[in-house]
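*Asks:* Residue numbers (numbering that gives the first Met the number 0), protein chains in the order written: chain U, 0 to 333; chain R, 0 to 303; chain C, 0 to 530.
FYI, nobody ran anything at the bench for these hints, they're computed from the structure. One should not assume that every hint holds.
Claimed, not checked - Label pairs and their computed distance ranges (CB to CB): (1) C:V154 / U:G56: 23 to 33 Å; (2) U:G56 / R:V132: 33 to 43 Å; (3) U:I202 / C:H92: 27 to 37 Å; (4) U:L49 / C:K153: 26 to 36 Å; (5) U:P13 / C:E146: 51 to 61 Å; (6) U:L49 / C:S365: 28 to 38 Å; (7) U:R2 / R:A219: 47 to 57 Å; (8) U:I202 / R:E193: 54 to 64 Å; (9) C:K509 / U:P176: 28 to 38 Å; (10) U:G135 / R:G117: 27 to 37 Å; (11) U:L72 / C:H92: 51 to 61 Å; (12) U:G56 / C:K509: 29 to 39 Å.
Here the structure is a predicted model, which is why all the values come from computation and not from measurement. Here a beta-carbon is modelled for each residue, glycine too, at the ideal position from N, C-alpha and C.
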Amino acid sequence: MIRFLLSRLAVLVPTFLGVTLVAFSFIRLLPGDPLELLAGERGISAERKLELQQQMGFDKPLWQQYFDYLGNLLHGDLGTSFASKKPVLDEFLALFPATVELSLCAILIAVLLGVPLGVIAASKRGSVVDQVIMGGALVGYSMPIFWWGLLLIILFSGTLGWTPVSGRISLMFWVEPVTGFMLIDTLLSDEEGAFLSALQHLILPSIVLATIPLAVIARQTRSAMLEVMGEDYVRTARAKGLSPMRVIGVHALRNALIPVVTTIGLQVGVLLAGAILTETIFSWPGIGKWLVDSITRRDYFVVQGALLLIAGIIMLVNLTVDLLYGLINPRIRS
Amino acid sequence: MATATSVKEAASSRAANERSALREFWFYFSQNKGAVVGLALFILLVVVALLAPLLAPHAPDFQYRENFLTPPVWQEGGSSSFLLGTDAVGRDILSRLIYGARYSLFIGCVVVSIALAGGVILGLVAGYCKGWVDALIMRIMDIILAFPSLLLALVLVAVLGPGLLNAMIAIALVFQPHFVRLTRAAVLAEANREYVVAARVAGSGHLRLMVHTILPNCLAPLIVQATLSFSAAILDAAALGFLGMGAQPPTPEWGTMLAEAREFILRAWWVVTLPGVAILITVLAINLFGDGLRDALDPKLKRS
Amino acid sequence: MNLTNLRIWGLATLLVWSCSTYAAKTLIYCSEGSPEGFDPALYTSGTTFDASSRAIYNRLVEFVHGSTEIEPGLAERWEVSDDGLEYTFHLRHGVKFQKTRFFTPSRDFNADDVLFSLQRQLDPNHPWHQYTPGTSWEYFQGMSMPELLKAVVKVDDYTVKLVLASPQAPMLANLAMDFASIMSKEYADQLAAQGRKEMLNQEPVGTGPFFFVNYQKDAVIRYRAHPNYWAGKQSLDNLIFAITTEASVRLQKLKAGECQILPYPNPADVALIRDDSSLKMPELQGLNVGYLAFNTQQPPFDKPEVRRALSMAINRQAILDAVFQGAGSLAKNPIPPTMWSYNEATPADEYNPEKAKQLLAEAGVSNLEMKVWAMPVQRPYNPNARRMAELIQADFAKIGVKVSIVSYEWGEYLARSKEVDRDGAILMGWTGDNGDPDNFLGVLLSCDGVGGANRAQWCNAEFDALIKKARTLPNQADRAELYKQAQLLFKEQAPWATIAHSVVFMPMSKRVKNFVIDPLGYHRFDGVDIE
Numbered sequence: 000m001i002r003f004l005l006s007r008l009a010v011l012v013p014t015f016l017g018v019t020l021v022a023f024s025f026i027r028l029l030p031g032d033p034l035e036l037l038a039g040e041r042g043i044s045a046e047r048k049l050e051l052q053q054q055m056g057f058d059k060p061l062w063q064q065y066f067d068y069l070g071n072l073l074h075g076d077l078g079t080s081f082a083s084k085k086p087v088l089d090e091f092l093a094l095f096p097a098t099v100e101l102s103l104c105a106i107l108i109a110v111l112l113g114v115p116l117g118v119i120a121a122s123k124r125g126s127v128v129d130q131v132i133m134g135g136a137l138v139g140y141s142m143p144i145f146w147w148g149l150l151l152i153i154l155f156s157g158t159l160g161w162t163p164v165s166g167r168i169s170l171m172f173w174v175e176p177v178t179g180f181m182l183i184d185t186l187l188s189d190e191e192g193a194f195l196s197a198l199q200h201l202i203l204p205s206i207v208l209a210t211i212p213l214a215v216i217a218r219q220t221r222s223a224m225l226e227v228m229g230e231d232y233v234r235t236a237r238a239k240g241l242s243p244m245r246v247i248g249v250h251a252l253r254n255a256l257i258p259v260v261t262t263i264g265l266q267v268g269v270l271l272a273g274a275i276l277t278e279t280i281f282s283w284p285g286i287g288k289w290l291v292d293s294i295t296r297r298d299y300f301v302v303q304g305a306l307l308l309i310a311g312i313i314m315l316v317n318l319t320v321d322l323l324y325g326l327i328n329p330r331i332r333s
Numbered sequence: 000m001a002t003a004t005s006v007k008e009a010a011s012s013r014a015a016n017e018r019s020a021l022r023e024f025w026f027y028f029s030q031n032k033g034a035v036v037g038l039a040l041f042i043l044l045v046v047v048a049l050l051a052p053l054l055a056p057h058a059p060d061f062q063y064r065e066n067f068l069t070p071p072v073w074q075e076g077g078s079s080s081f082l083l084g085t086d087a088v089g090r091d092i093l094s095r096l097i098y099g100a101r102y103s104l105f106i107g108c109v110v111v112s113i114a115l116a117g118g119v120i121l122g123l124v125a126g127y128c129k130g131w132v133d134a135l136i137m138r139i140m141d142i143i144l145a146f147p148s149l150l151l152a153l154v155l156v157a158v159l160g161p162g163l164l165n166a167m168i169a170i171a172l173v174f175q176p177h178f179v180r181l182t183r184a185a186v187l188a189e190a191n192r193e194y195v196v197a198a199r200v201a202g203s204g205h206l207r208l209m210v211h212t213i214l215p216n217c218l219a220p221l222i223v224q225a226t227l228s229f230s231a232a233i234l235d236a237a238a239l240g241f242l243g244m245g246a247q248p249p250t251p252e253w254g255t256m257l258a259e260a261r262e263f264i265l266r267a268w269w270v271v272t273l274p275g276v277a278i279l280i281t282v283l284a285i286n287l288f289g290d291g292l293r294d295a296l297d298p299k300l301k302r303s
Numbered sequence: 000m001n002l003t004n005l006r007i008w009g010l011a012t013l014l015v016w017s018c019s020t021y022a023a024k025t026l027i028y029c030s031e032g033s034p035e036g037f038d039p040a041l042y043t044s045g046t047t048f049d050a051s052s053r054a055i056y057n058r059l060v061e062f063v064h065g066s067t068e069i070e071p072g073l074a075e076r077w078e079v080s081d082d083g084l085e086y087t088f089h090l091r092h093g094v095k096f097q098k099t100r101f102f103t104p105s106r107d108f109n110a111d112d113v114l115f116s117l118q119r120q121l122d123p124n125h126p127w128h129q130y131t132p133g134t135s136w137e138y139f140q141g142m143s144m145p146e147l148l149k150a151v152v153k154v155d156d157y158t159v160k161l162v163l164a165s166p167q168a169p170m171l172a173n174l175a176m177d178f179a180s181i182m183s184k185e186y187a188d189q190l191a192a193q194g195r196k197e198m199l200n201q202e203p204v205g206t207g208p209f210f211f212v213n214y215q216k217d218a219v220i221r222y223r224a225h226p227n228y229w230a231g232k233q234s235l236d237n238l239i240f241a242i243t244t245e246a247s248v249r250l251q252k253l254k255a256g257e258c259q260i261l262p263y264p265n266p267a268d269v270a271l272i273r274d275d276s277s278l279k280m281p282e283l284q285g286l287n288v289g290y291l292a293f294n295t296q297q298p299p300f301d302k303p304e305v306r307r308a309l310s311m312a313i314n315r316q317a318i319l320d321a322v323f324q325g326a327g328s329l330a331k332n333p334i335p336p337t338m339w340s341y342n343e344a345t346p347a348d349e350y351n352p353e354k355a356k357q358l359l360a361e362a363g364v365s366n367l368e369m370k371v372w373a374m375p376v377q378r379p380y381n382p383n384a385r386r387m388a389e390l391i392q393a394d395f396a397k398i399g400v401k402v403s404i405v406s407y408e409w410g411e412y413l414a415r416s417k418e419v420d421r422d423g424a425i426l427m428g429w430t431g432d433n434g435d436p437d438n439f440l441g442v443l444l445s446c447d448g449v450g451g452a453n454r455a456q457w458c459n460a461e462f463d464a465l466i467k468k469a470r471t472l473p474n475q476a477d478r479a480e481l482y483k484q485a486q487l488l489f490k491e492q493a494p495w496a497t498i499a500h501s502v503v504f505m506p507m508s509k510r511v512k513n514f515v516i517d518p519l520g521y522h523r524f525d526g527v528d529i530e
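One chain only, chain U, in its complex shape (with noise of 0.2 Å):
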């Protein structure tokens, strides 16, 4: 296990230079200058540029730059933003939570629906409701999310007033960020009905976010057990007698579990994908609209930054996958 282990970070080192190295030479790629776009329609003077460039450091060699760049990495220090002036990886860490608590969200919506209808759909197989099922499954996997999020909008929020339009509390509540969860600050704070409105502004965007990832893990899950239950064992299962719900429950499921969590794990850089058009339709405070209003200010050290924690965040998940799925099935080690 620890060689596999070993072996996994020796590769895992040179993709995170990689990393850096896109993650460094991206944001310098890109036309546009943000001192340009500070100044506006005035504009700024050849002179005052130049001074601001060296006061940014900017005019070095890129190389050098690059230099300065990894050696500030490793005393975790990811620069500051133009904007705010604050350190990168303060902002980075204050909007994290809002961007997790979603995707968690709309994972466990994805999980509780998904994996059941799966299972559902694989022991009627060919039936109206299988078909239903699949049929719902390859429309969700197939729906452009940013214009979903507008239509559920537009029906659940406009028309039907169910749920609040945007945010992640009713403004009217106060509650002390503690671990950055509003589900979890709610509960830790005394006021009354936090949690619920908390809850409610969840759901929508949850829901879109969810859309994906539930059809695919629904799929995955139906094609799975069909497999499974192929298996030797689950027939001899089924001709001991044993209940049909005993047999997909214990028998088939169990086993075909396996796939569905490493599509599980495979859906986080699908997640946070999504994550940057759901919270630009549903203006929530996190890492996506963070790094799409950066990209726009050109805002160098935010998006060099935002990129590697990403980068490196699915990394992690990647490698947790494969270590779980090295420990199931010890096959793969070798």
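Assemble chains R and C onto chain U, guided by the hints.
*Replies:* Quick look at chains R and C alone, frame taken from chain U:
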């Protein structure tokens, strides 16, 4: 003489094999009604795209200055000359949707071609050469995979400059690793099979080995991946268009139409809803087709 | 320490909000974006000013609410020396700084605070000149204050003298701008002693109507009324900014009662809001202008007759309908009608494609092909440049001029459009900073601006002389006379095809009282009440 006959026989028997393989494929494919519907829709879409100038009642970018935001024909205030209504500058939405089909298919084709070609070449090279070449290629793919695809595409388009062409390049690049990994895995699996070893012993060159011997045997997963990428490319291009980074107005690309129309969401539902429906139906059709394709090509699922 | 205070504040608000005996008045404003920080002198965007300078701070002089006139602020009165070089300000007594959970003031506002606030921007050796990474005093630089302002002198505790390098009539208006907001020197000293200088930009303290409570990035900013505000405590107890970037979502929130007032509605939704009986929507002509600037140094656009002909070919009414959705008015002068010295006598632009075609032919121009630059972003003076460019393209096609539309990323667009040899005419615009005509005519059309903010690259000696002279005159009526002449000259020379001034709408619940739209684009909540 004898050899000539046997060659001919071999050729005809191979043709027969191919024909029966195709027949078998169609047999399994047509079992799946959804896939057939998807295929039919897709063909319809291609026809619409090809015949756009004949089908569209108006030019897609002509502005009827008297008809800003006319609702569809069945709604009060609608006009029979604009079946699905007009947009904010008086362009006919039906015509724009019809021409938009061209862009969507074009995006899918271009992205898949670039990703497939690049992926197959890199995958073949990585799987065949092994060693440091393999390591280098796979690390680069790992780097690409470390970013959420839409995010990477977004940054890439920002670097290249917003526009349809750049959006397609960015999406193709982001899709690359899937093709590389698939091809490489297939090559690694096939490389030690008897027929490959036999071909090598018979003195086939590297290139011939890669392209003629190994490649045809890993086509099935690639075709499936290509279909899935086709629909994903349309979705991602629309998302980029929605974020203002894809095709630029007045191009009648569906995602861009949606982004342009977003401000009218409360006032004129049709300018927002219809392009979204068009995207959904197209992507759905291709996914249905892709599902059928996978089931028909994947022998493991055929039995159960 | 902070946490306990927070909790107490939280409990207090809970009590106030849940008890029915006394209902605290809370106004929620669905703001359009996040402030970049809370030290207004570092920034140039209106969103940041709304959240910082207009809510939290005061200045020596202030704009009259709802106008561009100047009134006394922290300075009760002032004198200008005869040569126009010395401004002496007599400061108000008894002005209290805000008491917050991070700062308790021990003294009233005085001359030291004024000196601190201006010197830190003026003096490169001031300990606060570089107080946080990337500090740059953008507006102070942009308004050329380092060249105009020679010194800030403390005469006594309640008298401050500004010494200028040359007479500048717009100086008073400059001092009412956001970068001239007065900070507390005592608070700055406290932060410096704690080694947390950067907090000046995150936890602000001022003398203004509301004090800062907290800010959750990209989500919400909370303020409470300053109990000892020198002009009297506000009737609102709590002010909340709910940050909502999507315009259609903002409107949904207003309708759902999640906020009571919002800026920048979609032009498309204006009619919808008018129909809603629970909402009202005052409007005001914005202090801005959108225009198409020719490159007057590039043939054939160096000929005024060509520029006039092209200008005549633009169907401005169609642009107002399709781009502004009616939320705009035709522009004939380079300055907006709400500004003093606006010349009513300037002839309106005629739309006449036939005559335009003929004029072009007379000027010896045929088969003209040109570029029109369309900016990639939405601005107050141009809600959709792309669409505007498409309309102009169609209009020019009618007189045989072939237009190709080009666009760049916004920063790139700003930089490239400044180049003197730029190819093509550019869609551009301007929003006034301080209500002075010089802020339009001087910045955008003077010879000094060529290669900079003067995107027409237009240098006309006669026009330039008028503008320069007007800058030095002390009397507003005399200045207005010169500006009116300049506007006529501008129209005759047509370096721009002026297009439109946008109209600013503020949709709000009928419960909101006394909100006044500010021509300078600020969203000010002092004096506002809610039922």
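*Asks:* Hints numbered earlier in the text: which of these fail when held up against the supplied structure?
*Replies:* 1, 3, 6, 7, 12
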